[in-house]
Amino acid sequence: MIQEANISGARLKQACNEVGISLRTYRRWYKQGQIAHDKRAEAVRPIPSNKLTDNETATIIAVCNEPCFASLPPTQIVPTLLDEGIYHASESTFYRVLKAHNQLNHRGRSLAPKVSSKPQSFTATGPCQVNRPGIVGDSTLQENTTMKTRNYTPEMKERAVRMLIEAKDDYPSTWSAIKAIAPKIGCTPETLRSWHKKHIDKTIPANIQAQNQAERIKELERENRELKQANEIIKKAAGLEAQAELDRKPK
Numbered sequence: 644m645i646q647e648a649n650i651s652g653a654r655l656k657q658a659c660n661e662v663g664i665s666l667r668t669y670r671r672w673y674k675q676g677q678i679a680h681d682k683r684a685e686a687v688r689p690i691p692s693n694k695l696t697d698n699e700t701a702t703i704i705a706v707c708n709e710p711c712f713a714s715l716p717p718t719q720i721v722p723t724l725l726d727e728g729i730y731h732a733s734e735s736t737f738y739r740v741l742k743a744h745n746q747l748n749h750r751g752r753s754l755a756p757k758v759s760s761k762p763q764s765f766t767a768t769g770p771c772q773v774n775r776p777g778i779v780g781d782s783t784l785q786e787n788t789t790m791k792t793r794n795y796t797p798e799m800k801e802r803a804v805r806m807l808i809e810a811k812d813d814y815p816s817t818w819s820a821i822k823a824i825a826p827k828i829g830c831t832p833e834t835l836r837s838w839h840k841k842h843i844d845k846t847i848p849a850n851i852q853a854q855n856q857a858e859r860i861k862e863l864e865r866e867n868r869e870l871k872q873a874n875e876i877i878k879k880a881a882g883l884e885a886q887a888e889l890d891r892k893p894k
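For what it's worth, our numbering labels the leading residue of the sequence shown as 644, then goes sequentially.
Careful, some of the hints might be misleading.
[Claimed, not checked] In silico lysine-lysine, DSS-like type, Cα no more than 30 Å apart, as pairs:
hint, residue 1, residue 2
1, Lys840, Lys800
2, Lys879, Lys861
3, Lys811, Lys827
[Stated by the list, open to error] Cβ-Cβ distance ranges computed for the label pairs, FRET-style:
hint, residue 1, residue 2, range
4, Ser735, Thr768, 42 to 52 Å
5, Gly882, Pro826, 50 to 60 Å
6, Asp726, Arg667, 48 to 58 Å
7, Gly751, Ser816, 53 to 63 Å
Don't read these hints as lab results, they were simulated from the structure.
The beta-carbon is built from N, C-alpha and C at its ideal position, and this holds for glycine as well.
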């Protein structure tokens with residue numbers, strides 16, 4: 644119809660508008676003097692020549708329902724039949740036929756696949772917002788909730804430090820005592836260690852702290868001198884060894 648109107652003198656765009664299609668659609672359908680096939684999903688297409696017949700479909704269903712194959716998926720049924728010299732269809736065809744007959748269920752002894760839920764996540768908008776101490780009876784936080792640090796009273800901090808000082812002799816090290824007492828208080832070991840350090844800084848006089856710091860500086864300086872001496876010895880030994888290697892080479 645569009646071609647007859649165009650041959651009669653009508654513009655191609657006006658002829659397309661009369662039938663309710665655009666010019667681009669017409670050019671997509673009509674290329675190089677031939678009409679292309681309809682590519683719409685709802686279009687009626689010719690039946691493929693290799694389509695399974697009803698007898699072939701019934702054979703596939705009967706094979707899948709046999710006692711020896713009833714618990715096997717098509718990925719195992721088809722290779723097993725091929726080993727016996729029998730071929731009905733491909734694995735994808737088996738799956739398609741089972742799905743069309745509402746028999747595409749989980750087969751085999753393996754666990755059926757299941758949808759896993761997303762892991763629990765938390766949102767932090769600042770530092771130290773996801774540090775969650777192991778508090779007894781603490782309810783599980785919901786997804787995408789902002790975690791806040793717990794506020795400890797000065798009395799609780801003092802009690803925790805006192806417990807640590809009293810029990811420190813029962814453990815091989817201070818850190819071992821901190822890790823054992825922190826869960827009882829309801830705080831992290833790092834938090835308890837910071838409280839203990841602050842307590843030591845307050846109780847030790849400033850002159851003793853300065854003295855300890857000066858002794859530590861002297862010790863570091865002594866270690867630095869020893870390292871320098873060791874490096875010089877290593878360099879000299881390396882030079883002597885290199886010279887000995889040169890002397891051993893034939894001239």
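Now the hints, each set against the structure:
Annotation: proposed proximity of lysine 840 to lysine 800 holds, straight-line Cα distance about 12 Å (limit 30 Å). Only pairs whose Cα atoms come within 30 Å are accepted, and lysine 879 paired with lysine 861 is accepted, the gap being roughly 27 Å. Restraint check for lysine 811 and lysine 827: the C-alpha separation of about 15 Å stays at or below 30 Å, so the hint holds. At about 50 Å, the CB distance of serine 735 to threonine 768 agrees with the hint of 42 to 52 Å.
Remark: the range hint 50 to 60 Å for glycine 882 to proline 826 is upheld by a beta-carbon distance near 58 Å. At roughly 54 Å, the beta-carbon separation of aspartate 726 and arginine 667 lies within the given 48 to 58 Å, and the hint holds. The beta-carbon spacing between glycine 751 and serine 816, approximately 55 Å, falls within the hinted interval of 53 to 63 Å.
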